[in-house]
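Number of protein chains: 4
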Amino acid sequence: MPPAPLPLAMLGQAFMGRAHSNAFRQVGPAFAPTRGLRLKTVAGRDAKALAAFAARYGFEGWTADWREVARDPEIELVDVATPNDLHREMSVTMLEAGKHVLCEKPLAGTLEDARAMRDAAAKSDAKTFVWFNYRRCPAIALARTLVREGRLGAIRHVRARYLQSWGGPETPLLWRFDRDRAGSGAHGDLNAHLVDLARFLTGEEVTRVHGAVAETFVKQRKDPATGKLGESTVDDCVLFLASFEGGATASFEATRLATGHHNGNVIELNGERGSVRFELEDMNVLWFFDGADAPREAGWRRVLATSPEHHPYVDAWWPDGHIIGYEHTFTNQVADVLRVLAGERPLQPLADFADAYETQRVLEAALISAREGCAVNLADVG
Amino acid sequence: MPPAPLPLAMLGQAFMGRAHSNAFRQVGPAFAPTRGLRLKTVAGRDAKALAAFAARYGFEGWTADWREVARDPEIELVDVATPNDLHREMSVTMLEAGKHVLCEKPLAGTLEDARAMRDAAAKSDAKTFVWFNYRRCPAIALARTLVREGRLGAIRHVRARYLQSWGGPETPLLWRFDRDRAGSGAHGDLNAHLVDLARFLTGEEVTRVHGAVAETFVKQRKDPATGKLGESTVDDCVLFLASFEGGATASFEATRLATGHHNGNVIELNGERGSVRFELEDMNVLWFFDGADAPREAGWRRVLATSPEHHPYVDAWWPDGHIIGYEHTFTNQVADVLRVLAGERPLQPLADFADAYETQRVLEAALISAREGCAVNLADVG
Amino acid sequence: MPPAPLPLAMLGQAFMGRAHSNAFRQVGPAFAPTRGLRLKTVAGRDAKALAAFAARYGFEGWTADWREVARDPEIELVDVATPNDLHREMSVTMLEAGKHVLCEKPLAGTLEDARAMRDAAAKSDAKTFVWFNYRRCPAIALARTLVREGRLGAIRHVRARYLQSWGGPETPLLWRFDRDRAGSGAHGDLNAHLVDLARFLTGEEVTRVHGAVAETFVKQRKDPATGKLGESTVDDCVLFLASFEGGATASFEATRLATGHHNGNVIELNGERGSVRFELEDMNVLWFFDGADAPREAGWRRVLATSPEHHPYVDAWWPDGHIIGYEHTFTNQVADVLRVLAGERPLQPLADFADAYETQRVLEAALISAREGCAVNLADVG
Amino acid sequence: MPPAPLPLAMLGQAFMGRAHSNAFRQVGPAFAPTRGLRLKTVAGRDAKALAAFAARYGFEGWTADWREVARDPEIELVDVATPNDLHREMSVTMLEAGKHVLCEKPLAGTLEDARAMRDAAAKSDAKTFVWFNYRRCPAIALARTLVREGRLGAIRHVRARYLQSWGGPETPLLWRFDRDRAGSGAHGDLNAHLVDLARFLTGEEVTRVHGAVAETFVKQRKDPATGKLGESTVDDCVLFLASFEGGATASFEATRLATGHHNGNVIELNGERGSVRFELEDMNVLWFFDGADAPREAGWRRVLATSPEHHPYVDAWWPDGHIIGYEHTFTNQVADVLRVLAGERPLQPLADFADAYETQRVLEAALISAREGCAVNLADVG
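Quick note, the sequences are listed as chains B, A, H and X, same order.
Following numbering that gives the first Met the number 0, the numbering of the first sequence begins with 0 at its first residue and continues without gaps.
Following numbering that gives the first Met the number 0, the numbering of the second sequence begins with 0 at its first residue and continues without gaps.
Following numbering that gives the first Met the number 0, the numbering of the third sequence begins with 0 at its first residue and continues without gaps.
Following numbering that gives the first Met the number 0, the numbering of the fourth sequence begins with 0 at its first residue and continues without gaps.
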C-alpha cells in the first residue's frame with residue numbers, strides 16, 4: 000500500500016501561487032512519486048478569491064490567516080509564495096512549527112532576513128528548499144553534468160544576463176517596485192536566478208565583485224490603488240563583474256528594460272576544453288562546444304535535451320523532440336523535493352536556505368559595489 | 000451554480016492516451032471552462048494496467064470492453080486514442096450511440112474507413128473532432144490570422160516537412176510498421192499533420208498532386224513479441240508535390256529517417272506580400288516576414304507568441320516569455336472542444352470528420368501518385 | 000623565373016562579367032598560382048561601355064566582335080559569360096579554335112545545345128569548365144569530404160531549395176524572362192546550382208524524376224526597351240522530386256517569388272549516420288550532425304569553415320573567423336582552373352561540359368515531368 | 000581626364016598589411032573613386048620578403064627604411080600597419096612631413112603615445128584616419144542610421160563582447176603578448192573595436208567606468224625565436240562596466256580564451272523604442288527589434304543588409320543576398336578615405352586621431368579601474 004500523501008499548504012495565491020499549484024497537481028501523474036502530495040490548504044489575504052482559487056487548483060481548504068497553517072498538525076510542507084518581505088517571518092514561523100519549508104526566490108529581500116532564515120533552518124530538523132526552478136531544466140542539468148565530468152576543463156568565463164522588457168513607464172507601481180516589499184528590483188528577481196545558476200553550473204563560489212552599476216530609469220509610476228504617481232524605489236537594472244574561486248571572470252546583467260527581450264535568461268560558460276550556453280526562451284536546447292572535436296568539424300552543437308532515455312526528468316514527460324515549457328521546471332522541482340522528503344536522492348541538487356544564502360551574499364556584494372564604487376571581497380560580506 | 004461536468008471516456012491507454020489524459024486534467028485549472036470535464040472511464044485491452052492508469056490520471060473507472068462505453072448512458076464524449084485500424088469501428092459505434100467523438104489523427108488508416116466515418120458523422124446529431132492539435136499552437140493561430148487578414152496576399156508557395164529520426168533498423172516492429180494496423184507509415188502519421196496545417200493556414204484545398212515518392216528503407220524489423228524478424232509494410236518516408244486552389248505550389252515531406260531531426264515539423268508559406276514559418280521544435284515562435292516593412296529594414300521577425308494579451312490560448316498559461324510545450328496544444332484543443340459543446344465559439348476552428356476527410360483525400364492522392372507514377376487530380380479521389 | 004601568365008578573354012560584360020573579372024584579378028595575390036592570368040581581351044556588344052569596363056577591371060583590350068577572340072592565337076582560355084542562348088555557339092567556336100573554355104552555368108538553355116557542347120568538348124583537346132562556383136565554398140567542400148569519408152553513411156534524403164524574391168511584377172522583361180534567350184527561368188538559373196551541388200555532394204546520379212510542377216505567376220512584364228507589356232515565357236518556379244542511384248529521395252525547389260528570401264540556396268543531406276546542411280546566406284557555416292556523438296550530447300554543429308589550417312581555399316584569405324563572401328567562390332574556382340591548366344590537381348573536382356551535361360539532363364527530365372504529368376526515368380532522357 | 004592617382008606608402012607587411020593591400024587594390028574596380036590610388040611603396044624590416052610582397056600586391060617599390068617614405072615628396076598618404084609601439088613615431092614623422100596618415104587600431108599602445116599622436120594631428124594640416132574598419136559594415140551603418148533617426152529612442156543598454164579562442168598555451172610568445180610592444184592584450188586589440196563601435200553607434204561618450212577586471216590565464220608562452228618559455232605580460236581578457244552620457248549602462252568584454260568563439264564581436268543596443276544587435280561572424284545581418292510594431296507581431300528582425308539600393312557601400316559589390324566578407328570593410332573604408340581626400344563626404348564618419356583618442360581614454364580608464372579596484376570618471380583620465 001502506498002504511503003498516505005504528504006499534506007501541503009501554500010502561502011500566496013498570485014502568479015507564483017498558480018505556477019506552484021500546477022506543479023503540485025502535476026507531480027503525481029507525471030512522476031508517480033513514492034509519496035504523493037495532498038493539497039490541503041491555501042492561505043492568502045483575499046478571502047473572497049481564495050475559495051475560487053482552492054476549487055480551481057484542487058486545494059481542500061483555505062484560510063485568510065496564514066498562521067493557522069503553522070498550527071495545523073497535519074501539514075508537513077509549507078510553500079512560501081509571497082512577496083519577499085514576508086519570506087522571513089513566514090519561513091521562520093513554519094520551521095519553528097516543525098514544517099518543511101519551500102520558499103520562493105530570492106531567499107529574502109535583505110541579507111539580514113536571509114541570514115535569519117538560514118539560521119532558523121540550521122536550528123531546525125525540518126528541511127528547507129528554495130524555488131530556483133531553472134536548475135531543473137534538463138538542458139541545465141546536462142550542462143552541469145558536462146562541467147562535473149571535466150568536459151569543459153577549468154572554467155575561464157561565465158557570462159550571464161537576464162533581459163526582460165515589461166518594466167516601462169506604463170507598468171504600474173506594483174509591490175515589485177517598492178524596496179520595502181521587494182528588497183530590490185531586477186536584481187533580486189533576475190540576478191538571483193543568474194547567480195544561482197552560475198554557482199550551480201560551476202560548482203564554485205564567487206570570491207570578489209569587481210564593480211557594479213544599478214540604474215532606475217523609470218523613477219515614477221502610477222499607483223494602481225490611488226491612481227497617483229509614486230516613486231519607484233528599486234533598480235530597473237543591475238550589472239556587475241565578479242570572479243569565481245577557480246579564477247573565472249563572470250559578468251552579470253539583469254534588466255526589465257531591454258526592449259525586445261521577453262524572458263532572456265542566457266548563461267554561457269567557457270572552459271579550457273569546451274563551452275556551454277543556455278537560453279531560457281528556447282529552454283529545451285543546450286548549446287555545447289566540445290573542444291575535443293576535430294578542429295575541422297568542431298562547432299557549437301544544438302543539443303535538444305528532450306530524450307526520455309538520455310536527459311534527466313524527461314521520462315516523466317513526452318517522447319524525444321516534444322518540448323516541455325516553463326511550468327515543467329516547477330514540477331520537476333517538486334518531484335525532487337518529494338524524493339528528498341522520502342529519503343531518496345534528488346536527480347539534481349536542490350538549493351536549501353544555506354545554499355540560497357550564499358547567492359544572497361553575492362547579490363549584496365554587488366549592491367555594495369554599486370553604491371560605493373569599489374570592488375568588494377565576498378569574505379567581507381554577511 | 001456551474002453545470003455538472005461533462006462525462007468523458009477514453010479508448011486507449013498508450014502514449015496518446017497519456018497526452019490526452021493530461022489535457023483532460025489540465026483544462027479545468029487552466030481555462031476554467033463553462034462546463035468542465037469528468038473523467039469517467041478509460042477503456043483498453045490490458046486490464047492489469049488499466050486500474051493503475053485510471054488511478055494515476057484520475058479516471059473514475061475502467062473497462063477492458065470498450066463497447067461498455069457505448070452502453071453507458073452517462074458518457075457524452077468519447078476520445079478514440081487507439082491505432083488507426085480501430086478508429087472506424089469505435090467512432091461509428093459511439094456516434095450511433097449518440098456520443099460526441101474526439102478521434103486521434105489521421106482520421107483512419109484507409110480512405111474507405113475515413114469515408115465511412117465522415118458519413119456516420121453526417122448522419123449523427125453528435126459532434127465530431129479530430130486531434131489535429133498543432134492548429135492550437137499560438138504561433139500557428141497567429142499565422143492563420145495573418146493570412147486571413149491578407150497580410151501575406153495571395154499564397155504562392157507552401158513548403159512543409161516533418162522530419163524525425165527514430166525509425167532506424169533497431170526500432171522494433173511496432174503496430175506503426177504494420178500496414179494493416181496503421182494504414183501507412185510516416186505518411187499518415189506525419190504528412191497528415193502537414194496537410195491539415197497547410198489547409199488550415201491557407202484556407203484553401205489541394206486540387207492536384209503532381210508527383211510523389213514513397214520509400215521503405217528498413218524492410219525488416221524485429222517483432223517485439225516473437226523476437227523474430229518481420230516485414231515492415233509501411234513507408235519510412237513519403238514526399239509529394241501539390242497545388243492549392245489559389246495556385247500555390249506545395250511540397251510535402253514526411254520521414255522517420257532524417258538523422259539529426261527529432262520532431263522537425265516545419266511549415267512555411269510565401270505570399271505576394273509576406274511570409275510565415277513555423278518550426279515545432281521551437282513552437283512558441285512564429286517567423287514572419289512583412290513585405291510592407293521598408294526594404295532597408297525588412298527581415299524575418301522572430302515573433303515569440305507567448306503574450307497572454309496578444310496571442311490566443313496564452314492567457315490560460317504563463318506570463319509573456321514563459322514558454323509552453325507540446326502538451327499545451329492538447330489542452331488548448333480540449334478547451335475549444337468544450338467551448339463547442341457548450342455552444343460557444345472555439346478560439347480557432349476545429350477539424351471535424353468531414354474536414355479531416357479532406358486531408359485524408361490528399362494523403363490518398365499522394366499514395367496513388369507514388370504508386371502510379373503520375374499526377375492525380377483531387378477531383379478524381381474519394 | 001615564373002611562366003608567362005596565361006592570356007584570357009572574357010565574353011560578356013554584365014553582372015557575371017563583373018564577378019568573373021574580380022576573380023581573375025584576385026586569384027594572383029590570393030593564391031599565387033604557378034601560372035598566373037593575363038586579362039587580355041573583353042568582348043561585348045556595347046562598344047561604348049567596353050573601354051571603360053576594360054580600364055576598370057584591368058583588361059588590356061576589348062572588342063565588339065567576339066569572333067576576334069577565336070582568331071587571336073595568343074588567347075588560351077575563354078570565359079563565356081553571356082546569356083544562355085549564346086553559350087553553344089561561342090563555346091563550340093572557341094573549342095574548335097583550340098581554346099580552353101570556362102562557361103557560365105547552366106551549360107545551355109536547351110538540352111540540345113548542351114549536348115552539342117558536350118560533344119564538341121569530347122572532340123577537342125582543350126579543357127572545359129563550368130561556373131558551378133558554389134562547389135568551392137569551403138563549407139561545401141567540407142560537406143563533400145564528410146560524405147566521401149563515410150561519416151554520413153548511405154544517403155537517404157537530399158533536400159534542396161533555392162529561394163529568391165526579386166521576380167515580382169515590377170521587375171522588367173529582362174532576357175532572363177524570355178524562353179528563347181534563357182531556356183527557362185528559375186529552373187535553369189537556380190535548380191541548376193542545386194542539381195550540381197546534390198550530385199557533387201552525394202557523388203551519385205539521379206535515376207528518376209517522380210513528379211514536377213512549374214508555374215509562371217507573373218505572366219506579363221514591362222519591356223524595358225519599349226515600355227510596353229510583354230509576355231514572360233519562362234517559369235517563376237519549378238519544383239521536382241527525384242531519386243538518386245543509392246536510393247535517396249530528393250526534393251528540389253527553385254523560385255524567384257519567395258517573399259523574404261534573398262538568396263536562399265539551402266541544401267541538406269540526411270544519411271544513415273549523419274547529416275549536413277548548407278545555407279548560402281550564411282555560407283561560411285556548415286551545419287553537421289554526427290550520429291556517432293553520444294545521444295546525450297549529439298546535436299547539429301555550427302561549423303565555421305574559416306580555418307586556414309583546416310578548410311580548403313581558406314589559406315588564401317584571412318585568419319580563422321574572418322568570413323569570406325560570394326565573390327570568393329569565383330576566385331577559388333579560378334585558382335582550381337589554373338591548377339588544372341598547369342597540370343596540377345584542383346582542391347575539389349571541377350565540372351566540365353560532360354559533367355554539366357548530366358545536370359542538364361536532370362533539369363530536362365523535370366521539365367518533361369512537369370509538362371507530361373508523369374514520372375520520368377533519366378535513362379530515357381538525352 | 001581623371002586626376003592622377005594618389006601615391007600611397009604602407010609601413011608593415013604582415014597580416015594587416017595584406018588586408019590593407021587588398022583594400023588598396025580593390026577600391027578602384029569596386030568604387031571607381033574620383034581620385035584613385037597608386038601603390039607606390041611598401042616599407043618593412045624584412046628586405047628579403049619585401050620584393051615578393053610588393054610584386055604580389057602590386058606595389059611599385061619597397062624599402063627597408065621606413066623613413067625614406069617621409070622623404071619621398073610624391074607620397075601623399077601613409078598607412079601605418081605596424082605593431083602598436085611604432086604607431087607614434089611613424090605617424091608623427093609622417094604628419095610632420097605633411098603626409099596624410101591612416102593608422103591601424105588601437106591608436107597606440109599607451110595613452111601617452113595616443114595623446115602625442117592626437118596633438119601632432121591637431122598641429123598638422125594633413126588628415127588622419129584610424130582603421131576602425133567595422134564601422135563600414137553595411138549592417139553597422141544601418142544600425143547607426145536607425146539610432147540617429149530616433150528609431151531606438153534613448154539608449155538604455157549597450158552590451159558588447161569580443162570573444163576569440165586562439166590564445167591558448169600552445170600559441171607562441173608573439174609581439175601581441177609583450178606589453179612593451181602591444182600595450183595590452185585582448186583589451187587594445189578587441190575592446191578597442193567595441194568601444195569605437197559603441198561610441199559610433201550611440202553617438203555618445205563614456206562618462207564613467209564602474210569596475211573592471213583583467214586576467215592573464217596563460218602566464219608563460221614559448222618564444223618562437225629562442226624556443227624558451229617567456230612571460231606573457233598582457234591581459235588575456237578584460238571586462239568592464241561603464242555608463243554613457245545619456246545614462247545607458249554598458250558592459251564590455253574582450254577575451255582570447257573563449258573556447259568555441261572564432262571572431263565573436265557582438266554588440267547590442269537596447270533603446271526605449273527599439274533594439275539592434277550585430278554579430279561579426281554573420282556580419283551581413285543586422286538584428287532589429289522595432290518597438291513600433293504591433294505587439295502581436297513584433298519580433299527581432301533578421302535584416303540582411305545586402306541591398307545595393309538600400310544599404311550603404313553595397314552598390315560597389317554584388318546583388319542583394321550575395322554576401323560580402325571581412326575584407327570588404329577595409330575596402331569600404333579606403334573608399335571613404337579617398338572621398339575625404341577628394342573633398343567629398345564619406346558615406347559614414349571616419350575616426351581621426353582625435354576621435355580615436357577618446358576611445359583610448361576609455362580603454363585607459365578600464366585599466367585603471369581594474370588595477371585600483373574602483374570606479375573611474377572619464378573626466379579624470381587623459
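Hints were generated in silico from the structure; no laboratory data involved.
Computed from a predicted structure; not experimentally measured.
Heads up, some of the hints might be wrong.
[Stated by the list, open to error] Here are the in silico distance ranges between beta carbons for each label pair:
#1 X:348 to B:204: 41 to 49 Å
#2 B:229 to X:293: 27 to 35 Å
#3 X:225 to B:202: 53 to 61 Å
#4 X:245 to B:318: 44 to 52 Å
#5 A:206 to X:314: 49 to 57 Å
#6 H:165 to B:318: 40 to 48 Å
#7 X:225 to B:165: 56 to 64 Å
For glycine and all other residues, C-beta sits at the position ideal for the given N, C-alpha and C.
Right, here's what the structure says about each hint:
no.	hint	in the structure
1	X:348 to B:204: 41 to 49 Å	holds, 46 Å
2	B:229 to X:293: 27 to 35 Å	holds, 30 Å
3	X:225 to B:202: 53 to 61 Å	violated, 40 Å
4	X:245 to B:318: 44 to 52 Å	holds, 51 Å
5	A:206 to X:314: 49 to 57 Å	violated, 43 Å
6	H:165 to B:318: 40 to 48 Å	holds, 42 Å
7	X:225 to B:165: 56 to 64 Å	holds, 59 Å
In this structure, the hints that do not hold are numbers 3 and 5, in rising order.
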